[in-house]
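Fit chain B to the supplied structure of chain A, relying on the hints for placement.
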Amino acid sequence: MLRLDSVRKTFNPGTANEVRALGGVTLEFAPGSFTVVIGTNGSGKSTLQGAISGAFELDAGSISVDGTDITRWPEHRRAQVVGRVFQDPFAGTSPELTVAENLALASKRGKPRTLAPLLRGAKRGAWRELLAQIGLGLENRLDDPIGLLSGGQRQSITLLMATLTNPKVLMLDEHTAALDPRSAELVIGLTTRLVARSSSTTIMVTHSMQQAASLGDRLIAMHRGRVYLDVSGSEKRQLMESDLLALFSQMRRDDRFDDDACAMVAAQYR
Amino acid sequence: MSLLVATLAIGLIFAILALGIYLSFRVFQVPDITADGSFTLGAAVVATLLKHGWNPLAATVAGMVAGALAGLCTGVIHVRFKVNALLAGILVMTALYSVNLRVMGSSNTPITARTLFSPLEELAVRTFGRETAILGRSVPSQDLGILATTVVIAAITAIALVLFLKTELGAAMRATGDNARMLRALGTSTDRMLVLGLALSNGLVALSGALFAQMQAFADAQMGIGVIVLGLASVILGQSLVGNVRSVSLAVAGAVIGAVLFRLLVALAIRMGLDANDLKLVTAVVVLAAIVGPGWIKSLGRKRGAHAPA
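As you go down the protein sequences, you meet chains A and B in turn. Just so we're aligned, residue 1413 is where the first sequence starts under the numbering used here, counting upward by one. Just so we're aligned, residue 93 is where the second sequence starts under the numbering used here, counting upward by one.
Extracted from the complex, chain A is given alone in its bound form (with noise of 0.2 Å):
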């Protein structure tokens, strides 16, 4: 169970590009869950991501895993329970190392890193069955420079390495959407096999509304910093790429609205 408690996060505080990027949000996971994140651009989700990884303190609210408070743990720390791939395709991988390398430092999450040989006691066998169901033949190349192989090929090498330990978090930050429409069409694929069979309860931030009508089983959709809506079950199952978008317009138009009135209020103390 992953849980966020009134987590607050204000970026530059105090100066012209203040930007209140969470207002006090508390969400609850159940173990095993899917949940899609959407929102506009500045809505909060990419920093809902990184308020769970870690990437910045917190200025109040609190984070816990299974009842353990994750709130203090340094980002590195934090990688013993979440497991991440980023939007960049590049990003997940070591581009001078193997394949099999990279798989290896991937099977020692969050464990000290000793003296024993990286590739010792490698499962070979296991890894190349695992690479062989992306279907791009990789299965082949465990000891390749992880660099030679295209973005699709990484991303979902990234993906493999960050459900290889089952983390009790799947973070998936745009992971897509950097990607050609093959190469995103395959990682979704791979996504939807790799979170079905584990058990991590795994966070999809997408910008793409077929994405997040047809995949997870629920639903969150950030604005202004606050969750706009939270669907689940056959609520979730229900709404169609259609009903996003409409959210979406409406969302916008809320922001106008609050716009129009600002302008109004002002306008009458003038």
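Bear in mind the hints are in silico, worked out from the structure with no lab data behind them.
Derived Cβ-Cβ restraints for the label pairs, each shown as a range:
hint, chain 1, residue 1, chain 2, residue 2, range
1, A, Ala1428, B, Asn336, 43 to 51 Å
2, B, Ile383, A, Arg1668, 53 to 61 Å
3, A, Gly1601, B, Ser391, 36 to 44 Å
4, A, Ser1476, B, Ile383, 44 to 52 Å
5, A, Ser1476, B, Arg273, 18 to 26 Å
6, A, Gly1563, B, Leu161, 36 to 44 Å
7, A, Asp1592, B, Asn336, 22 to 30 Å
8, A, Gly1601, B, Arg273, 20 to 28 Å
9, A, Thr1526, B, Ala150, 24 to 32 Å
Note that beta-carbon positions come from the ideal geometry of N, C-alpha and C, so glycine has one too.
Okay, now just chain B, sitting in the frame of chain A:
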């Protein structure tokens, strides 16, 4: 011939320096100027301990450990206090100048005791007499003993470094320089990796300094000036020989070969009349050319290509 043997021996000692610079500059992408101070520190510690009757091996290891501590300081200043890596190196290097004078008690310490080279020197003299004929030329057997010692130490160091870079810890260090964000997402503190890496790098540099002092039979407060550029020259030369490869063993071999080759080129240049005082200027220019050259030539080619008819 005697000159060639001595040049090879110095080249192999500088190969260990090059391995240290390879670690900081290539693996971590940090130009760590602490090297200038830790090279002398290794020499100063070994000279002082030998004077106090220490066993040569123990004294050499102590010099190496002292260098590692210097690297540790640079690393901690950089990651803990967020001081720019280059500035952190400059600070520690400057401080080390005083430390080295304190360690030696003067700016120069002669080494008269038995050194790490003595066993093989004596063995060579016992076996071949004072002089040995190689390819019809006469070489002092003592020099052969020195060369043999450097071959053994450089080989052990290079092999140990390759094996280390293939351990979990070593691979994590490579990933730190390559993609720090990824390694943090896999649960390892990249700060810790960098501190350990700079310690190891400066340990190797100090080992090189300790050996160099024992070979020339004295340590001097000035002897480390410019060794970082020397190491860079070796690493870059080696890289141009083996290509920009991703294999760890080849990259390490390249650094070793680069260091020896660079030493041979220097010896040749001095023999052909280069003033030894100009050596550092020439080295700096060569390193600059090697770093800037390839990109410059490429951009020239592009410009010419742009003017070519379509």
